[in-house]
Structure formats: C-alpha cells, structure tokens
Amino acid sequence: MQPLLKVENLVKRYAKRSLADAREEVPALNAVSFSIFPGTTLAVVGESGSGKSTLAACLACLESPTTGSIWYEEKDLVKLGARARRQVRPQLQLIFQDPASSLNPRWKVLEILVEPLILQRNFNREEMNQRANSLLERVGLSPDIVKRPPTELSGGQRQRLAIARALALQPKLLILDEALSALDCSVQAQIANLLMELQSSLGMTYVFITHDLAMAAYLADEIAVMDGGRIVEQGPPEKILKIPQHETTRQLLAAVPRIIPPALPAVEQ
Amino acid sequence: MASVLEIQDLHVSYRSREGALHPALAGVSFGLLPAEILGVLGESGSGKSTLAGSLLRLLPRNAKILRGTVHFEGQDLLQARAEELQQIRGRRISLIFQEPSLALHPTMRAGEQVRQVLAAHGVSGKSALNKRTRQVFAEVFAEDVERISRSYPHQLSGGQRQRVLIAQAIACGPAVVIADEPTASLDPATQMEILGVFRSLREKLGLAMIFITHNPALLSGFADRVLVLYDGRVAELGPAATVLASPRHPYTQALFASLPSVMEDSETVRRKRLPVIPGDSSPSSLPRQGCCFEPRCTERMDICKEREPGVVKVSASHTVSCFKYEG
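Protein chains in written order, with the numbering used here: chain V, 1 to 269; chain W, 1001 to 1327.
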C-alpha cells in the first residue's frame, strides 16, 4: 500500500532573536522521517519542547520547514506554490488542545461549522445547513444546538464541535495536537471512542500528538517517540510499551501516572 | 484523631444574571486530618474549585454560601470577620492555583513575590525578609536558589514557576495548603516532580493538604485519602489505596474504567471501545430530585429517583453515598 503521507528528513530551525542581534538558530525538528498509511493512526509522543507541535504545524502547512519533504499524493507540500497548496490544505485538518480557545466565542455553532464551506465557495445556503446538520450528527451532537454559542457547550461538546468543523471539508488526514489533554477523563474516553468510530466509518488517518503514552498506545497503530526534535524510537505500541529501547521512552513510560487497575463490573456503553 | 479543618454541610450556590440560584456544593462534609494529603477528585462542574474557594471565602461576587461551617483553629471561617480572615489567608491556610504563569506577577522577580507574602504577614526588616525568603526557596529548589530568586517568571520553566507558587504558599508556615489542580498545565514528568515536592514538604513541615484534581491517576501513591466529588456532593471518601483499587460508588467505578491503562496487555486492549459513562453532568441533564448520578448510573434502582442517598459506612474509614450499600 502507498503511504498517505511520507515525511523525509524534515528540518525546522527557528531564528532566535537576541539583543545583540547575534543570529542563533534553534533546531525544533531535526531530520524527522516517517510514513503514515491510509486509515491508520500514528501517535507522536514526547515531553514539552520535544518538537511535537512544530511537526503538527509543518504537516498542516502552517509552518514552512527549513529543509526536507512532506510527500502527499505525489506532491511535495514543502515545495508547493501558494495556489496549489491552498487546494491541498482542506484535506489536512488540524485540531487543537483547547476547544475553548479554538472556537470563536461570539459565533453560533452553525457559523463555526459553515465557515470552511463558505471559504470553498462551492455550496449554497441550503447545502451548507444540511451539511452542518449531518456533521453534528456524525460527531454525536444534537442539531438543536446550531443557534447556540460555543461558550454554552461543555468541554466535551466543544471538542466534538471542533472535530465536526475539521470534518466539514472531508479531509483525509486529521492532525490532533493534544486534542484530548484538556478534557476530563470520562470525556477523554468519549472523544477517543468517537475518533475510533470516525476512523472506521470514514477511513480517516490520524496523527495523534500527545504526551499521554497510555492514550497513544490505546489509539495508535504506530508510536513515534520524540526528543530534542528527533524521532528517537518508533514502532507498534506493544513493542514500545513492553520493550522500550530508548531512554526517553522509558522516562515517558515511568511518568505515566498509574492507577491500580481495579476489577470492575461492565459499564453500559 | 482531631481534624485540623472540619467542613460541615457546606452549601454554596451561584446566582445567575436572572437571579436564579444554581447549586455548586450541596451538603459537603469532611475533616482534614493533621499532616494528611486529601485528594479531592472531581470533573468539570463537580464543584471542586468552588470548594477550594469557599474554605477561605474567596469566591466570585455572585457566589453565595447558604449553609455550613468550616472549623479551623477554634473558629468558624464562614462567620469570621474580614480582618480575621485576612490573618488566616496565606498565613495559616494558603491556596495554590492551577496556572503558575497567571498566578505570578510577570514583571516582578520570583524572590520579591515571596518577600511580599512574608511582609504582608508581619515579617519586617530587610535582612529578616531576605533570610526567610532564602530558607523558603531552599525548601522547594534543590539548586540554583540564588539565580531563580532573581529571575522573572518568564525566565523560569513551568515546573520552576509552580515551585515559586509553592514557596509563596509555605512562606508563613501554614497548617493547611489547598492546591487547586496545581499540576494540570505541566507535562507528566514535571507533574511527578511537583508531587514529590508536596510529599517532601508534608514530611518536613507536617503540612495538611487538600489536593484538588480531575486526574485519578495522580493520586495513587500520593494521597492518603481520596474524596470523590460529583455534582457538588461527596460520592465517596476513603483511604486512597482502597478507593483507587476497589471503588464502591458506581460513578467512581465507571470513571476509573474509562481510563486507558498501560499496565494491561496492550495487544488485547488496544482499539476496543473504552467504557464510557453515558450522558454528561451538565446542569440541564441533572435530575431535580433523587440521586444526582441516577440518570447515568448502570445500577440504578427505583429508590434512586425518589430521594438522595445518605452516607453509608462500608468500612471504618470508607464512606459511600449510594443506596446499594444501605440496609
């Protein structure tokens, strides 16, 4: 099978501004390479400052890498011109950590959902409203909320809305940058289940960026561990969890807060 | 053992702009034992931050304490005069907030921020202030004390900033520290580090602590007892090891079941649905009478709709508010 996305030797350096105007460059990504296959999940785990979010921004074409390639449908996104890139971008959607700050608090749910459709200019009002309703249904929200502002929704509902908005343009890849971290535990489980459902019904491909190794192992087909801008270890979750090779992986594993797994009665779905 | 802080039947409500009262805490009672770490576990909307604020009467203007008592060192803090309370806040009971980057003054050096706390509570004289500040920093930082004390918050890491907040909180030698989600914005390794700081302070200074969190996994190996809050009520309270390993309340059980676990055999667990608690706890979906968890509970009985469950002792130190264990 062809990979959906193939990243080769990606390097991103940020110029560090100093008072003396000495040019100093900070490497955020250092020779990162991997492939993601359609319908699978790649989890990228690492501590703060390991380069995870820079990677997300590069994949979503929000940052231009210093060198390297991102191959998507036989095109290198890094070298693509502005116009061609604009055509590809709807297919790669990003979901952020905190839905409270990624949704405009002054807009109504409907406006939030149809904005991407308006920008595409291919839909009339009726089609847009219909699409908004079916998106809400898809993510388990009631169409009754279209007139409400996101501030009246709970954290879980807001993240569902952010997912619905990301799905509006029928993307192939969702980049989830700490998309569960700001949510309550019980809500995390609901959203994780929703992501798995969407993956099986729509064949979505995910890049799941997180510092939560437990959730990564749960959702991913493949885990890449990052440290200092590099991928230091990569493999299927079973392997990463049971026989971690790299020190960073061992540290992340040790830092997963554990609760003694209780023997529990079945819980209604 | 006598409690350092005794909370009885605390009811707090918020008044909406239309004038209606929305209960946030509805009859919370517990005691904090000397030198214990009490973990308060609750999700958004459970009332955990209202609890933190109401103990020192630091609540938004539209909050109303309707009933209850908070006994501390021979007086009821809810009845205390403003000046009396001012002497207790930050000196005998201190509060640590969630977001260290917001709780610190951005253009004031870390050391000065601790000195101000000391000065506000009667430590005077430059050399006395400096000496005490250095001591306090030495309690929370293993090295680099001088540099950190001279740094501005933006020059410090998230973990270091949180330690500065802890330094402020312990500066005056309080009896009780209330920490409201103090590690929520930190990455897992730093979280563990900060929990370590709290534990060592408890050992060294004999602090009693209320540690509020939404993450049950943080409490294992850290808290002595766990109090589970749901919809402003105490669902369950008991020794941490017991509550975490064998929770009795259906809510606690369902909550723990929804966590993915790295301990389990990943090949078999992976990519199955996580068990979730059906529905949510938003105010509109809570019942008007009966047990507040009844609509989401898988073990509901007829009686659960009729009235609120009382507190049931399932062992000498473990209580649950659920009809399952009554009679």
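Treat the hints with care, as some may be off.
[Claimed, not checked] Calculated cross-link-like contacts (lysine-lysine; reagent style BS3-like; alpha-carbon spacing at most 27 Å):
no.	chain 1	residue 1	chain 2	residue 2
1	W	K1305	W	K1324
2	W	K1272	V	K242
3	V	K172	V	K75
4	W	K1131	W	K1064
5	W	K1324	V	K172
6	V	K16	V	K108
7	V	K147	V	K108
8	W	K1131	V	K239
9	V	K6	V	K239
Since the hints were derived computationally from the structure, they do not count as laboratory data.
To see whether the hints hold, each was checked on the structure:
no. : hint              : result
1   : W:K1305 - W:K1324 : holds, 13 Å
2   : W:K1272 - V:K242  : holds, 19 Å
3   : V:K172 - V:K75    : holds, 15 Å
4   : W:K1131 - W:K1064 : violated, 41 Å
5   : W:K1324 - V:K172  : violated, 48 Å
6   : V:K16 - V:K108    : violated, 40 Å
7   : V:K147 - V:K108   : holds, 5 Å
8   : W:K1131 - V:K239  : violated, 52 Å
9   : V:K6 - V:K239     : holds, 22 Å
Checked against the numbered hints above, the structure violates hints 4, 5, 6, 8; every other hint is satisfied.
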